[in-house]
Each structure stands twice: as structure tokens, then as C-alpha cells.
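J.: Kindly produce the complete structure, drawing on both the sequences and the hints.
In this text, residue positions in the sequence shown follow the working numbering: the first is 1, and each later residue adds one.
Because the hints were derived from the structure by calculation, they are not lab data. Possibly wrong hints are sitting among the right ones.
Claimed, not checked - Here are the simulated distance ranges between beta carbons: (1) VAL165 <-> ASN83: 31 to 39 angstroms; (2) GLY143 <-> LYS169: 16 to 24 angstroms; (3) ALA167 <-> CYS79: 33 to 41 angstroms.
To be verified - Once the Cα atoms are required to be at most 20 angstroms apart in a straight line, the calculated PhoX-like pairs of lysine-lysine come out as: (4) LYS52 <-> LYS66; (5) LYS52 <-> LYS42; (6) LYS62 <-> LYS52.
Beta carbons: idealized from backbone N, C-alpha and C, even for Gly.
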Amino acid sequence: MDQHMIHNDLDRVPTRNINIIYLPSMVNGFYHSAILNIHQVKGGDELWEVAKRSYMAFKNSKDNNKHFSDMADLNFLMCKAINNPGLTASSSLRASLLTVFEDPVIDNTNETQRNLGLDDYMGCASVHGVGPSIGIFDTIRDGELDCVCVYPSPLHSREQMLELVDAMKMVLVEGGSCGKSEN
Numbered sequence: 001m002d003q004h005m006i007h008n009d010l011d012r013v014p015t016r017n018i019n020i021i022y023l024p025s026m027v028n029g030f031y032h033s034a035i036l037n038i039h040q041v042k043g044g045d046e047l048w049e050v051a052k053r054s055y056m057a058f059k060n061s062k063d064n065n066k067h068f069s070d071m072a073d074l075n076f077l078m079c080k081a082i083n084n085p086g087l088t089a090s091s092s093l094r095a096s097l098l099t100v101f102e103d104p105v106i107d108n109t110n111e112t113q114r115n116l117g118l119d120d121y122m123g124c125a126s127v128h129g130v131g132p133s134i135g136i137f138d139t140i141r142d143g144e145l146d147c148v149c150v151y152p153s154p155l156h157s158r159e160q161m162l163e164l165v166d167a168m169k170m171v172l173v174e175g176g177s178c179g180k181s182e183n
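T.: Right under this line is the structure:
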């Protein structure tokens, strides 16, 4: 599947001095720890209640080291899904709608990057085989929020992703203005 990215100023990403390491296509592996939580959301549910419920379930799982104890089970299930794509929704090899990472990446531009002419870049974990339908990778770069959205095509269209990103921006802006009074 093609991986498409939505990123501001993507054309500015330099291509020189990049080392790319390709793994053989026969290498199957999931070299991560994860916590799998499933939450049912209904049309009338409040966003912040769902967020609180999701976070508390995650925190409880992490406090009990579920990301380590469930790793073997998750790896087994992911390998079975690769061998039997029909086990995933619409045979898409997508195991979830969205992946969220707990710890933010904080990165500040340094002098070496400026000297090399590196204006912008992005980083994200790689998902091969079975994975989330959408990956959002956030970084605080030079004090500003920088997000990259990676999704499989044709499972999702660019229009769908732009609509999702616009909705996320609206939630962030509305959430950031909570408690502020207008003068």
C-alpha cells in the first residue's frame, strides 16, 4: 500500500544525505510494546469524557505493565493477521483506526541542521504489515506543534484525511480556548 503524508511544506523536505535502510520483504516482526484498548463511542458521547475514559484505561494498563505482558500475544495476533488478511476489517490489514503515542518528542533545530540547509523534516515510526489505519506523529519543534499524518491509500482518501485534520485542528483550538474569557 502507498503511504501518503499530510505535512505542511512537504516539498521543502531535503533529499540529500539521507541513508535509507531497507529490510528484506520476508522479515516479519513487531519490535515494540503496545497496549491494546478498545472503546465504544456513541454519537452523543462528549469528547473529553471519551478522552478521559481512554486515558484512564491506558494509564491503568501501563501501571500494571500490560505493554510488556501482552507483547507476545500481540505479536502472535499480528503475525496471524499477516498470514490471513481476511481476519482484518475488509481484508485491509488495519488493526485499529488510530494510533496515539504517549510521550511527546521535543526537538529543537540546531546549528548543524541550519548549516546543512535542513529547513524541515519529519519522523515517524514505521508500520509494515498489520497496523493502524491512521498514524499521527506529533513533535514539539522549536516550541511549535508539528504533526504528521500517515495513512494507507486507497483505504483512505486525501479528502478524508484533510477533513480529519481540519476537525482535529478545530478541537485543539476550542480546547485551547477553554477557560479564557473574551474581552
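J.: Each of the hints needs a verdict: does it hold here or not?
T.: Verification of the hints:
no.	hint	in the structure
1	VAL165 <-> ASN83: 31 to 39 angstroms	holds, 34 angstroms
2	GLY143 <-> LYS169: 16 to 24 angstroms	holds, 18 angstroms
3	ALA167 <-> CYS79: 33 to 41 angstroms	holds, 34 angstroms
4	LYS52 <-> LYS66	holds, 19 angstroms
5	LYS52 <-> LYS42	holds, 15 angstroms
6	LYS62 <-> LYS52	holds, 15 angstroms
Hint compliance for this structure: every hint is met.
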